[in-house]
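Starting from the structure of chain U, add chain C where the hints point.
Sequences listed follow chains U and C, in order.
Each number in my numbering comes from the position in the first sequence (counting from 1) with 4 added on.
Each number in my numbering comes from the position in the second sequence (counting from 1) with 12 added on.
Simulated from the structure, these hints should not be mistaken for lab results.
Mixed in with the good hints there might be a few duds.
Said to hold, decoys possible - Subject to a maximum C-alpha distance of 30 Å in a straight line, what follows is the list of computed DSS-like cross-link-like pairs (lysine-lysine): (1) U:Lys117 x C:Lys48; (2) U:Lys226 x U:Lys117; (3) C:Lys41 x U:Lys216; (4) U:Lys170 x U:Lys49; (5) U:Lys193 x C:Lys56; (6) U:Lys132 x U:Lys49; (7) U:Lys117 x U:Lys35; (8) U:Lys216 x C:Lys56.
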Amino acid sequence: PAGPGGVAVPRAGLKKLALPPDYSGISIPEKPKLKFMDKVPAVPKVQREPRRLRDIRGPSQVATDFTQGQYGILALGGGYLHWGHFEMIRLTIGRSIDPKSMFAVWRVPAPSKPVTRKSLGHRMGGGKGPVDHFVTAVKSGRLVVEVGGRCEFGEVRPFLARVAQKLPFPAVPVSRESLQEMRWEEEEKRLNNQNPWTFERVVASNMLGMRKYLSPYDLRLKGRYWGKFFLKHRV
Amino acid sequence: SPGQRPVPVLSAVPAAWLPALQLLRRGSKAVTRHWKAMHFQRQKLLALTEYLPPRPAVPPRCLPRRAPEGQQEDGYARVLRRQVEQTLRGSRMVAVCQFSSMADEDVATLRHFLRRHNIHVHFVLNEVVRPVLAQSRLRALLPLFVCRNILLVSPEAPAREMLRVLRGVPQVNLLGACIDDTILSRQGVENFARLPPLEVSQGQTVAALSLLSSQTSSLLQRGPAHLTALLDEHIRRLRGSGGSAGPPPGRGTGNH
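Here chain U stands alone, though its shape is the one from the complex (with noise of 0.2 Å):
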């Protein structure tokens, strides 16, 4: 409707009343807070083992969909959580949650990987040091923790978020529902790509010797990952 001199009036119209979320099938465990995570594994390795930056590199196979809970916390780049980082997540989000209505679940494992420390001041050489301390290795793609109860995720988003912007990789809270839009969205981008020269078909075919200059593993990567970090913009 136009008000005087053409501007429209806003009005409010009916008010719509939405029906209360339905929350029949969700039970929550009995321990609804995360578990805590071991410094050290039980049977520390006295084997140190070589350094092994693979385990960042690439997209994840394991852990990259929902399982019990309906929110989470997706990594969107390679890295390694320690304990501090544990406890930094599980106090965070045991302080957020409401145990009765909601209930948290670690999706990545306790730190096992030794990380070799050498004393500082030392020059190089005089062998591998010795074991510092303990890492869990993340790739892109992965969850790091589920939440899940009768809430809802605007509610949940906040210290998610909060959790997210602590962690050493980019990492975003998410929703069943924003994930499968994120993959179908990502999809889309690669189906109506006007671009008819992609990464994958220059690399597969070696045109212009270009694999020279590229790695191997870019035939699995397409260009989406370069190192530790996944470039989120590239199809």
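Below, chain C without anything else, positioned relative to chain U:
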């Protein structure tokens, strides 16, 4: 749609040969904490193979916007519409007025004064009333239902009292009315209010119809009445001219 699974397309390009010499001269490993500098050729390749969004010939914002799907029928709106239908059906007079914001006590006072003359005030939402009106006989009142308005309904038609009350309230302006299945504008309602009441007009109609029949008896008696008047005048003249001797001769003729 998000529900459909995309089918992977097998590429038709043949498997390529591996280069003889891998480029690995400089320092850091493949996975680093910092953002590793890319080879220029790789940068060029990434720039070449960027995502290009589709550009339709007509931009979507120039096309008419479709109504959003999935709008469920609101039960509350249905109930309100049924109430409005019942009110419209059971009332002889329906007046539409434009309503500006008033203080609550003023609204209550107005309601009280109108209730005295058996006029009920209904606040209606346009989105509820418009579909009801479009299907009823009051289709002509549809253009009046923009912006804030109220309905004054009554089982009788007290137009004069309503106008008197509304004249004292500047925030409520009468737009139109439907009285006894007749759509009236504001002027029409004022004219209707100036009409005499039903009994008076009925009496006037009866009087007008029976006027001719009431004149019949006087018409019939006019001849003899005229003759009687003439004879009486004659008698008076005879008496006045000085005592007549015998009875007037006219009496015998009057009895014929």
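Verification of the hints:
1. The suggested pairing of lysine 117 of chain U with lysine 48 of chain C holds, with an alpha-carbon distance near 24 Å, which does not exceed 30 Å.
2. Taking the CA atoms of lysine 226 of chain U and lysine 117 of chain U, the gap is near 28 Å; set against the 30 Å cutoff, the hint holds.
3. The hinted pair formed by lysine 41 of chain C and lysine 216 of chain U meets the criterion: a straight-line CA distance of about 17 Å does not exceed 30 Å.
4. The suggested pairing of lysine 170 of chain U with lysine 49 of chain U holds, with an alpha-carbon distance near 28 Å, which does not exceed 30 Å.
5. Taking the CA atoms of lysine 193 of chain U and lysine 56 of chain C, the gap is about 21 Å. The hint holds against a cut of 30 Å.
6. Our distance criterion of 30 Å between C-alpha atoms is met by lysine 132 of chain U and lysine 49 of chain U, whose separation comes to about 15 Å.
7. Between lysine 117 of chain U and lysine 35 of chain U the alpha-carbon distance is near 27 Å, which keeps this suggested pair within the 30 Å criterion.
8. For the suggested pair lysine 216 of chain U and lysine 56 of chain C, the alpha carbons sit about 14 Å apart, so the restraint of at most 30 Å is met.
Figure legend: structure checked against the earlier numbered hints; every hint is met.
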